[in-house]
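Chemist: Here is what each chain is made of, one letter per residue.
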Amino acid sequence: MASYINNRISQIHLTSNIRQTIVAMLGVIFGISMYVFMTGFMTGVNNVQNDLAFSSLAHIRVYNDRPADNTNIASKVFPNSVINLHNAKIIKYTDGIKNSNTILDALKSQKDITGITTQVNINVFFKNAGNKVNGSVSGVDVVNENKVFNTSKYITEGNWNELKQRTDGIFVAVDLAKNLSLKVNDNLNILTSDGISKNYKVIGLFKTDVASIDKSKAYININAARQLIGANQTYVTDIQINIKDYNTTENVINKIPPIIPFKTESWQMANQQLVAGSSLRDIIAIAVSLVILLVAGFGIYNIMNMTINQKIREIAILKAMGFSGQDVTQIFLTEAVVIGFIGGLIGLGFGYLIANLVNKIPFEVAGLHNLPMAYKLKDYILAFMFGLVTTFIAGFIPARKASKIDPVTIIRG
Amino acid sequence: MQTDVLLKADNIVKCFYEPVKFQVLKRVSLEVKRGEFLALVGKSGSGKSTLLYVLSTMDTEYEGSLIIKDTLLTNKKQNDLAAFRNEHIGFVFQFHYLLPEFSALENVMIPALKLNKKSKEEVEIRAYENLKLLGIHEQALKKANKLSGGQQQRVAIARALINEPSIIMGDEPTGNLDSKNTQVVFDIFREISKEKGQTIIAVTHDDDFANHCDRIIEMMDGKIINQ
Ligand SMILES: Nc1ncnc2c1ncn2[C@@H]1O[C@H](COP(=O)(O)OP(=O)(O)OP(=O)(O)O)[C@@H](O)[C@H]1O
Ligand SMILES: [Mg+2]
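Protein sequences appear in the order of chains A and B. So for the first sequence, this note's numbering puts the first residue at 5; every next one is plus one. So for the second sequence, this note's numbering puts the first residue at 234; every next one is plus one.
Careful: at least some of the hints might be erroneous.
Stated by the list, open to error - According to the in silico footprint, chain A covers these stretches of chain B (three or more CB under 8 angstroms from chain A):
hint : segment
1    : 297-306
2    : 314-324
3    : 330-338
4    : 432-443
Calculated from the structure, these hints are not laboratory results. If you're wondering where the values come from, they're calculated on a predicted model, not measured in any experiment. Ideal Cβ placement from N, Cα and C applies to all residues, glycine included.
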């Protein structure tokens, strides 16, 4: 425990040269505020990125994978023979998931799962009179689709829930509608690859800000989709699953395979560029923040060193009067930690302020209005801890040096 | 059982190695009794300050042995020596070293607060009394670096007295004082040595001061020539 007199000496040192104290504190304030701001910004960007991605991507997708490469199927049976096979015809494989109920029941018992929705996705041509655009229509379970993908958020016209009752209704992406000159209440013809054609009524529009989706996608009721391709009432092509924490897909997937004979894919596997982008941003944010903290730490180190050189005679007097090396270390370390603590708190406030200001800068791209920003308590606490540790180390080295001063050599002059 | 001898230095040899090897103290032996008021005199450069630093335990690089209050202090650890100084030794430097950012009163209080045997209030009262004794109580709240040389020296003396140490060492403690204040300091030393049995070793160039002490030790070229 620091004694009263040691603390009093620290206090006098800090207050009698207020300017020096403030300069040291500014270093910490700058370091911490930049740290808070940088991590907030990067997390914000990652969140936007993920939000965009998860508007059309579930955390886990279960689907019927096409069979493996069968271009040379005969050689698999007779690996040592030379077989020439031209124009091989592969027997039609099973499409989609025929009996989805058993799978869904099995999935529902998993704890971490927060939402499941089923889809029947079909590649189609959208036709309006002469205009023909290819794309995909997604037959969806209206309520669950909204739970997993928050679809209603992207609706620009119409009411998402109307799709529940309307097997003839269709929601069309805005750019697709524009290309086909469609408005709400217009009719839209859909042509499947099997040559089936059917008319739907446009009951709403949506905009995801993902260009490829906005140009080619439409939603219909899942039952309407089954009708369109003549599939049974439990047929689905995709089961989309959301879980509590999208970073833990691997854990969940590891529990699923024994139950399901189909391919289970995490968003990370399907979109490695997203994962790479977000990890790279994290690395940049951490690197920049650490460099800033290091610079701030170096600043404190310098100022503490300077202070100790200035006060070398005082330190000698204190030791002559009976202060031990530990007392001296404690006195200067207390000063560093006080600077770190107060500077850290101000830095947090200042960082929050900067984050707030940057958050207000207009940025009209991909559905954003302002620059993104995340405010995570964890980041603030971490920044504060880092700041304290940095100042502690930066203060400890000069304080140790001070404690080793030999009083008699200084006093002799 | 406490012996009458408070301080015993035996064959102290002290050398400096910078810039060239130079022997300052040449087998100095010395005994000082409890309550003795001793003057240390000698020409400039004869080694008075050097001897005092050894006796005060601040300088640890010497040969020979030093015993104060029946405690062998030679080769003790720095931190133990610091604690010993705090309780048993009061020191007035040749160049009155105060802590410049602290008030005169606080400067006096610091060794007592460090010793931590009395409450802050008691220490404050005692410190103020000491300043009053030396006639500078009116400057009590002034910062040390705002005081004149003589005032600073008296604060340093008040500080050396605060823990009522067994031994007070002063390196020309009255060097900056006029004859009136020199007399004040002398009277204080005289009284505490007589009344409280505190030992005083004072380096001085003031013959009058020296002549009124109990004993005079004269140094020349690193040796005691007369005691
Ligand atoms: N740090 C040092 N390095 C080398 N030599 C030193 C050092 N300090 C003192 N000396 C030498 O030791 C000798 C004794 O010095 P000291 O300070 O003890 O003298 P003094 O008797 O106190 O003199 P004064 O009356 O002037 O204060 C001197 O010759 C001095 O030059
Ligand atoms: Mg001297």
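Chemist: Indicate, hint by hint, whether the structure satisfies it.
Modeler: Hint-by-hint comparison with the structure:
no. : hint    : verdict
1   : 297-306 : violated (count 0)
2   : 314-324 : holds (count 7)
3   : 330-338 : holds (count 6)
4   : 432-443 : violated (count 0)
When each numbered hint is compared with the structure, violations occur for hints 1, 4.
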